[in-house]
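Construct all of the structure, not just a fragment, from the sequences and the given hints.
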Amino acid sequence: MIDVSPVTFTLLAGIAIGCALMVVFKKNPVSSAFSLVLLFAAFAGIYALLGAHLLAALQILVYAGAIMVLFIFVIMLLNADEPSFDMGRSHPVLRAIVGLFCLTLLGFFVWAFKKSEVSLVMPGLFSTTAVDAAGGNSKVISQLMFSKYELPFELTSILLLAGIVGAVAIAKRNLTSPKEGVK
Amino acid sequence: MNEAVTTGFDTFDLVAMGLKIALIVVMLLQVVPIMVWVERRGSALLQNRLGPNRIGPFGLLQSLVDAIKMMFKEDRVTGHVNPFYFRLAPLVSLIPAFMTFAAIPFASHITLGDKTVEFQIADLNVGLLYILSITSLSVYGVIMGSWASNNKYAIFGGLRSAAQMISYELSMGLSIIGLVMIVGSLKLGDIAAAQGAALFHIGPLAIPKWGIFLQPIGFLIFITCTYAETNRLPFDLPEGESEIVAGYHLEYYSMMFGAFMMAEYINMTVASALTATLYFGGWQLFPGLDLVLASAANHGLQGLAFEWTRVALEAACFTLKTAFFMWLFVWVRWTIPRFRYDQLMNLGWKVLLPLSLANIFVTGYLIYLKVL
Numbered sequence: 037m038i039d040v041s042p043v044t045f046t047l048l049a050g051i052a053i054g055c056a057l058m059v060v061f062k063k064n065p066v067s068s069a070f071s072l073v074l075l076f077a078a079f080a081g082i083y084a085l086l087g088a089h090l091l092a093a094l095q096i097l098v099y100a101g102a103i104m105v106l107f108i109f110v111i112m113l114l115n116a117d118e119p120s121f122d123m124g125r126s127h128p129v130l131r132a133i134v135g136l137f138c139l140t141l142l143g144f145f146v147w148a149f150k151k152s153e154v155s156l157v158m159p160g161l162f163s164t165t166a167v168d169a170a171g172g173n174s175k176v177i178s179q180l181m182f183s184k185y186e187l188p189f190e191l192t193s194i195l196l197l198a199g200i201v202g203a204v205a206i207a208k209r210n211l212t213s214p215k216e217g218v219k
Numbered sequence: 028m029n030e031a032v033t034t035g036f037d038t039f040d041l042v043a044m045g046l047k048i049a050l051i052v053v054m055l056l057q058v059v060p061i062m063v064w065v066e067r068r069g070s071a072l073l074q075n076r077l078g079p080n081r082i083g084p085f086g087l088l089q090s091l092v093d094a095i096k097m098m099f100k101e102d103r104v105t106g107h108v109n110p111f112y113f114r115l116a117p118l119v120s121l122i123p124a125f126m127t128f129a130a131i132p133f134a135s136h137i138t139l140g141d142k143t144v145e146f147q148i149a150d151l152n153v154g155l156l157y158i159l160s161i162t163s164l165s166v167y168g169v170i171m172g173s174w175a176s177n178n179k180y181a182i183f184g185g186l187r188s189a190a191q192m193i194s195y196e197l198s199m200g201l202s203i204i205g206l207v208m209i210v211g212s213l214k215l216g217d218i219a220a221a222q223g224a225a226l227f228h229i230g231p232l233a234i235p236k237w238g239i240f241l242q243p244i245g246f247l248i249f250i251t252c253t254y255a256e257t258n259r260l261p262f263d264l265p266e267g268e269s270e271i272v273a274g275y276h277l278e279y280y281s282m283m284f285g286a287f288m289m290a291e292y293i294n295m296t297v298a299s300a301l302t303a304t305l306y307f308g309g310w311q312l313f314p315g316l317d318l319v320l321a322s323a324a325n326h327g328l329q330g331l332a333f334e335w336t337r338v339a340l341e342a343a344c345f346t347l348k349t350a351f352f353m354w355l356f357v358w359v360r361w362t363i364p365r366f367r368y369d370q371l372m373n374l375g376w377k378v379l380l381p382l383s384l385a386n387i388f389v390t391g392y393l394i395y396l397k398v399l
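If you're matching them up, the sequences are chains A and B in order. The first sequence runs 37 to 219 under our numbering. The second sequence runs 28 to 399 under our numbering.
In short, the hints are calculated from the structure, not lab data. Be a bit skeptical, because a hint or two may be false.
As the list claims (entries may be wrong) - 25 Å max Cα-Cα, derived SDA-like pairs, lysine to any residue:
hint	chain 1	residue 1	chain 2	residue 2
1	A	Lys63	A	Ala49
2	A	Lys208	B	Lys377
3	A	Lys62	A	Ala132
4	A	Lys63	B	Gly106
5	B	Lys397	A	Thr44
6	A	Lys150	A	Lys63
7	A	Lys62	B	Ala149
8	A	Lys62	A	Ser126
9	B	Lys377	A	Val110
10	A	Lys184	B	Tyr395
11	B	Lys377	A	Leu197
12	A	Lys63	B	Tyr112
13	A	Lys184	A	Gly172
14	B	Lys377	A	Lys150
15	B	Lys47	A	Leu197
16	B	Lys47	B	Ala149
Claimed, not checked - Going by beta-carbon spacing under 10 Å, a handful of chain B positions derived as facing chain A:
hint	residue
17	Phe111
18	Tyr112
19	Val119
20	Leu121
21	Leu151
22	Ser163
23	Val166
24	Trp174
25	Ile182
26	Leu186
27	Ala189
28	Gly200
29	Lys214
30	Leu355
To be verified - Here are the simulated distance ranges between beta carbons:
hint	chain 1	residue 1	chain 2	residue 2	range
31	B	Val359	A	Ser152	57 to 67 Å
32	B	Arg367	A	Ile200	24 to 34 Å
33	A	Pro128	B	Ser269	50 to 60 Å
34	A	Ile103	B	Glu145	32 to 42 Å
35	A	Ser152	B	Arg367	56 to 66 Å
36	B	Gln370	A	Cys138	50 to 60 Å
37	A	Ser152	B	Asn373	52 to 62 Å
Heads up, the beta-carbon is just placed ideally off N, CA and C, and yes, glycines get one too.
In structure tokens, the structure reads:
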């Protein structure tokens with residue numbers, strides 16, 4: 037038996053951390069956006085490794101495939117140049133404080149995870165074996181969505197609808213002198 | 028480590044998996060030169076010309092010579108581009124093209140000893156979503172190439188591509204939902220297997236329950252969207268030679284351009300294979316071939332030889348179906364002229380999207396009435 041998971045996980049986690057750093061440190065906005073796409077792909081790989089195949093597919097389909105395309109679309113349309121993202125160097129004391137704060141936060145997370153002894157297997161209803169027996173992730177999620185969590189699901193869709201209506205309203209207001217055939 | 032995150036393989040599985048992956052990759056690589064030749068000869072046929080006919084029989088070796096030319100061209104990067112992303116972009120468009128085929132079954136399974144080998148690299152339980160999500164990534168090659176080229180026509184191509192992909196992805200995803208509702212699974216293996224049942228009989232001949240008979244509207248929407256997703260005529264606006272020179276690959280040459288072209292042809296192959304799998308039964312035999320197979324079994328074709336013959340016939344049927352849709356790509360390209368961009372957007376948002384939503388409701392109602 038060849039065990040592949042720890043190696044794959046380390047690789048994906050390394051890519052994810054590297055990309056996350058690139059998103060922050062790259063001065064070119066388009067480079068940052070491309071790094072973010074790779075970060076989403078690495079996350080999807082980790083989700084798939086945990087047996088959450090639906091989440092992995094949706095992560096790529098929605099975040100990397102749709103939302104980030106629009107992000108990059110906007111960045112390219114605005115043609116944001118590098119200097120506008122170059123904020124210059126801040127005060128050394130401020131930098132030291134922020135760095136210390138981040139390190140403390142990281143240390144706290146590591147300590148909390150070490151202490152809590154989180155089990156890698158979800159207990160009960162959402163354990164891998166239970167999900168497989170019920171017919172896969174997508175089936176379980178859709179059944180829960182239309183039974184136990186129907187109200188939150190419908191409320192979310194109403195929220196999205198409100199967002200769409202708002203976007204259309206804003207777009208229409210800025211439309212000056214609409215011409216025939218030009219959209 | 029526990030059950031949830033430990034994946035174990037033994038040697039037999041590893042070898043079988045390696046052979047399947049090698050087969051798929053080699054086939055996809057081989058499809059490109061053949062398809063380029065078919066496209067050139069096909070366009071010549073439709074325009075009453077000869078097409079490439081000097082090198083090899085029927086000009087078959089023309090693609091080989093072209094490939095050699097591309098590989099040995101000087102690989103120069105001009106000064107105004109972003110060199111890192113400029114070189115990365117062809118790869119980014121090529122890799123998703125190869126990845127998508129992993130979830131498509133090209134034959135059913137065979138039992139060797141106590142092992143069952145599926146003729147599919149991975150039968151994911153989200154197979155269909157996997158293919159949709161990886162195809163949605165293929166737009167990044169185009170965007171990255173167009174942005175790194177630092178050329179206004181290339182940028183136009185990239186912007187057009189991004190808007191077009193997002194618009195048609197939606198209708199594409201929704202058009203498949205009707206079929207998923209009928210089959211009740213996102214696994215492509217299940218979808219192909221479910222199409223083997225008989226819809227009705229004509230004498231001894233069984234007309235199978237192919238997706239096209241159950242979802243004709245869904246099929247039309249799906250195939251229209253695949254043309255937009257693969258940037259093929261009549262929706263090749265990102266290239267649009269007559270308006271924006273060559274669009275996103277304007278600054279590319281040598282094998283970097285070749286990689287973009289390969290990605291386009293491999294995407295066509297995957298789209299054709301997916302159309303065949305979803306709506307034409309995938310590896311299911313053509314009507315009548317099952318009778319031939321049964322009579323061969325009666326005449327002494329038994330055991331492992333019979334199983335391998337069945338698998339070979341299934342793979343051949345799958346290949347023929349895929350080949351038909353690839354020819355359809357060529358046929359449409361040289362028949363229908365390019366759309367204008369506003370026509371493209373109107374078709375996507377005002378025709379295909381409402382139609383695919385209506386298709387879902389009608390399918391749901393028919394399932395409720397227990398017709399489907």
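Hints and how they fare:
1. Lys63(A) <-> Ala49(A): Holds. Lys63(A) to Ala49(A) sits at ~23 Å (cutoff 25 Å).
2. Lys208(A) <-> Lys377(B): 18 Å, holds
3. Lys62(A) <-> Ala132(A): 21 Å, holds
4. Lys63(A) <-> Gly106(B): 20 Å, holds
5. Lys397(B) <-> Thr44(A): 46 Å, violated
6. Lys150(A) <-> Lys63(A): 35 Å, violated
7. Lys62(A) <-> Ala149(B): 36 Å, violated
8. Lys62(A) <-> Ser126(A): The hint holds at about 17 Å.
9. Lys377(B) <-> Val110(A): Holds, because 23 Å separates the two Cα atoms, which is no more than 25 Å.
10. Lys184(A) <-> Tyr395(B): Holds: Lys184(A) and Tyr395(B) sit about 22 Å apart, inside 25 Å.
11. Lys377(B) <-> Leu197(A): 18 Å, holds
12. Lys63(A) <-> Tyr112(B): With a Cα-Cα distance of about 15 Å, the restraint between Lys63(A) and Tyr112(B) holds, given a limit of 25 Å.
13. Lys184(A) <-> Gly172(A): 18 Å, holds
14. Lys377(B) <-> Lys150(A): 54 Å, violated
15. Lys47(B) <-> Leu197(A): Violated, at about 45 Å.
16. Lys47(B) <-> Ala149(B): Measuring from Cα to Cα gives roughly 10 Å; hence the hint holds.
17. Phe111: 9 Å, holds
18. Tyr112: 7 Å, holds
19. Val119: 9 Å, holds
20. Leu121: With a closest approach of 16 Å, the Leu121(B) hint is violated.
21. Leu151: Holds - the Cβ of Leu151(B) comes within 10 Å of chain A, reaching about 6 Å at its closest.
22. Ser163: Since chain A brings a Cβ to about 3 Å from Ser163(B), closer than 10 Å, the hint holds.
23. Val166: Since the shortest Cβ distance to chain A is 6 Å, the answer is holds.
24. Trp174: 6 Å, holds
25. Ile182: 6 Å, holds
26. Leu186: Holds - the Cβ of Leu186(B) comes within 10 Å of chain A, reaching about 6 Å at its closest.
27. Ala189: Holds, about 5 Å.
28. Gly200: 8 Å, holds
29. Lys214: Holds. Min distance 8 Å.
30. Leu355: 26 Å, violated
31. Val359(B) <-> Ser152(A): 57 to 67 Å: At 58 Å between Cβs, range holds.
32. Arg367(B) <-> Ile200(A): 24 to 34 Å: For Arg367(B) and Ile200(A) the Cβ distance comes to about 26 Å; the hint holds.
33. Pro128(A) <-> Ser269(B): 50 to 60 Å: 58 Å, holds
34. Ile103(A) <-> Glu145(B): 32 to 42 Å: With Cβ atoms ~34 Å apart, the hint holds.
35. Ser152(A) <-> Arg367(B): 56 to 66 Å: At roughly 59 Å between Cβ atoms, Arg367(B) and Ser152(A) fall inside 56 to 66 Å, so the hint holds.
36. Gln370(B) <-> Cys138(A): 50 to 60 Å: For Cys138(A) against Gln370(B), whose Cβ atoms are near 52 Å apart, the range 50 to 60 Å holds.
37. Ser152(A) <-> Asn373(B): 52 to 62 Å: Given a distance of about 55 Å, which is inside 52 to 62 Å, the answer is holds.
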